[in-house]
Amino acid sequence: MSVRINPDPSTDLLAAIALNRQAQNTALQQLSSGRSVNQLSDNPAAASEDVLNHVQTNQDTQLLQNLSSLTSQGQAIDSTLNSAVQAVTQAISLGVEGANGTLSNADRQAIAGELIGIRDQVLGLANQTYQGNYVFSGTATSTQPFVLDNAQPDGVKYNGNANVNTNQMSPGQKIAVNLPGSQIFTNPSGDVLGALNGLITAVQTNSGLAAASANLDKAFTLLTTQRVFYGNALNQFQSAQTFLNSDKTQLAQQENSLVGADLATSITNFEQATTATNAILNATNQILTTLNLLNYLK
Amino acid sequence: MSLSEASASIFFRKYSHGVDITPAITAGSLGGLIQARDQTIPNVLTQLDTLAYNLETAFNTQSRAGFDANGNPGANFFVPPATLAGAASSIAVAISDPNLVAASSDGSVGSNGNAQALANLQNSAIVNGQTPFNFYSNLAFQIGNDVSKAQSEQQAVGLLQQQLQDQRGAISGVSLDEEAVNLIRLQGAYEASSNVVNVVNQLLTTTLNMSVVG
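Those protein sequences? They're chains F and V, same order as listed.
Mapping the first sequence onto our numbering, position 106 (from 1) lands on 178, and the numbers just tick up by one.
Mapping the second sequence onto our numbering, position 140 (from 1) lands on 1547, and the numbers just tick up by one.
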């Protein structure tokens, strides 16, 4: 006895058409978006990984923005310290000139005047601001760090603090990004502003010139040493930027492998689904219009 | 059967003789919608609330440990959530002045110590032993997995239903070919029967004529 088949194939045909339409739509969506995961349910594991990928990418982007700002600020500070180094170099030359025993008092007063100008220039550099914030006042960036104060032994008062900010360069890597002005300009191991004040007094009074010049030499050495800190920091900023840009590239590649659509596969899937749909439509047409025995007997 | 508006005001609960039969509806479209309303969606909302509540609480705690740009002790950054339930939908920033962000750790305006600590919360296990991003990532996986599983089950049940419909159609469906064959067979039987009747009729007629002649 033959197996009796369902004489009404319409529901099977409709289900097959719906299934292929769905495959067509999926392939089209992948082609238009370039992504194989357009909803969480498309690939929950990949979508979950993609969330963390975006987090890391956004963190990298933010760190790069921070580094860009820090680099600009670091360059400005480095330039300021370079000007200070040049000014102190000029002051050292004036000190040597002032130590010349053949100078008249008027000549020495003229040199002292030049030294006062240099001291004020260095003081201005020590009070440098960047985007409205004092850069040599530790973390007290709204407070002018240095003012002349005769009550102080070195003639300068530091109003900033000794605190240091750190910044994250890349995930897990932090470095200090500033030096308090007291370490640079009024450091007990080399007091730039104090040494300049001492040299001015020595030239004006024509006494203790050798000691004052030695102090300034010592302060100059310390100043150049401290300047290296910002040079190193700028190098680290650059290295971190390179690393972060590379990390972002890798994350983009990872995202592409996680949720990116293989366009060749999507096109093939779309064409297969289209071919299958057309075949089913043709089959439907033929099945539903096939002669049955009643029609044949007419 | 009476209908009554449910708590969500979207669905209706069916009553039969005054008995709430909603729990008995576990299958079909209605069962799926009820399950989504009463179990799946509330579970996701609870997890979102957990994420928001813990994030807000940790952020506020760290914010209060710092100082704002005016040198004052830090205040809450978020409006503190009253309860865990509804924490996500009611999340709101408590301050509007950027100078009130507690970025400083030492009270000076240029310190970024507390800002670093606030940023580090993203890598701290502050939400049920997980970082906020890991928690959210797992939630995304769970939602996607739930939907994917439901779609797979729907597809499997659909195929089963289709097979059953085919089986039923194979048994009870009307085949025009079969009906035509039956018609032909019945028509043949009818014609044979009519021939028998015709023969009997002729036999009777002949018999009657013989008696008349005799």
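Worth flagging that the hints you see were computed from the coordinates, not collected in a lab.
Given the structure is predicted, the values throughout are model-derived calculations rather than measurements.
There could be a bad hint or two in this list.
Unchecked claim - Short derived list, chain V residues pointing at chain F, Cβ under 7 Å:
| # | residue |
| --- | --- |
| 1 | Ala1465 |
| 2 | Asn1467 |
| 3 | Phe1474 |
| 4 | Val1516 |
| 5 | Ser1518 |
| 6 | Asn1519 |
| 7 | Ala1522 |
| 8 | Gly1536 |
| 9 | Ser1544 |
| 10 | Ala1547 |
| 11 | Phe1548 |
| 12 | Ile1550 |
| 13 | Gly1551 |
| 14 | Ser1555 |
| 15 | Gln1572 |
| 16 | Ser1582 |
What the hints assert, rightly or not - Pairwise CB distance ranges, derived in the manner of DEER restraints:
| # | chain 1 | residue 1 | chain 2 | residue 2 | range |
| --- | --- | --- | --- | --- | --- |
| 17 | V | Ala1489 | F | Ser318 | 38 to 48 Å |
| 18 | V | Glu1560 | F | Gly244 | 42 to 52 Å |
| 19 | F | Leu100 | V | Val1500 | 36 to 46 Å |
| 20 | V | Pro1449 | F | Thr143 | 32 to 42 Å |
| 21 | F | Asp334 | V | Gly1478 | 53 to 63 Å |
| 22 | V | Val1500 | F | Glu343 | 44 to 54 Å |
Backbone N, C-alpha and C define an ideal beta-carbon position, used for all residues, glycine too.
Against the structure, the hints:
1. Ala1465: It is violated, given that the least Cβ distance between alanine 1465/V and chain F is near 17 Å, above 7 Å.
2. Asn1467: 22 Å, violated
3. Phe1474: 11 Å, violated
4. Val1516: With Cβ-Cβ at 5 Å, under 7 Å, it holds.
5. Ser1518: 4 Å, holds
6. Asn1519: 5 Å, holds
7. Ala1522: 9 Å, violated
8. Gly1536: 17 Å, violated
9. Ser1544: With a minimum Cβ separation of about 4 Å from chain F (threshold 7 Å), the hint on serine 1544/V holds.
10. Ala1547: Hint on alanine 1547/V: holds, closest Cβ of chain F at ~5 Å, below 7 Å.
11. Phe1548: At about 4 Å, which falls below the 7 Å cut-off, the nearest Cβ of chain F leaves the hint on phenylalanine 1548/V intact, so it holds.
12. Ile1550: 5 Å, holds
13. Gly1551: Hint holds; glycine 1551/V Cβ to chain F Cβ min 3 Å, cut 7 Å.
14. Ser1555: 4 Å, holds
15. Gln1572: 6 Å, holds
16. Ser1582: 4 Å, holds
17. Ala1489/V to Ser318/F: 38 to 48 Å: At 46 Å between Cβs, range holds.
18. Glu1560/V to Gly244/F: 42 to 52 Å: 44 Å, holds
19. Leu100/F to Val1500/V: 36 to 46 Å: 41 Å, holds
20. Pro1449/V to Thr143/F: 32 to 42 Å: Violated: the Cβ-Cβ distance is about 49 Å, outside 32 to 42 Å.
21. Asp334/F to Gly1478/V: 53 to 63 Å: Cβ of aspartate 334/F to Cβ of glycine 1478/V: about 57 Å, so the range 53 to 63 Å holds.
22. Val1500/V to Glu343/F: 44 to 54 Å: 51 Å, holds
Hint compliance for this structure: hints 1, 2, 3, 7, 8 and 20 are not met, and every other hint is.
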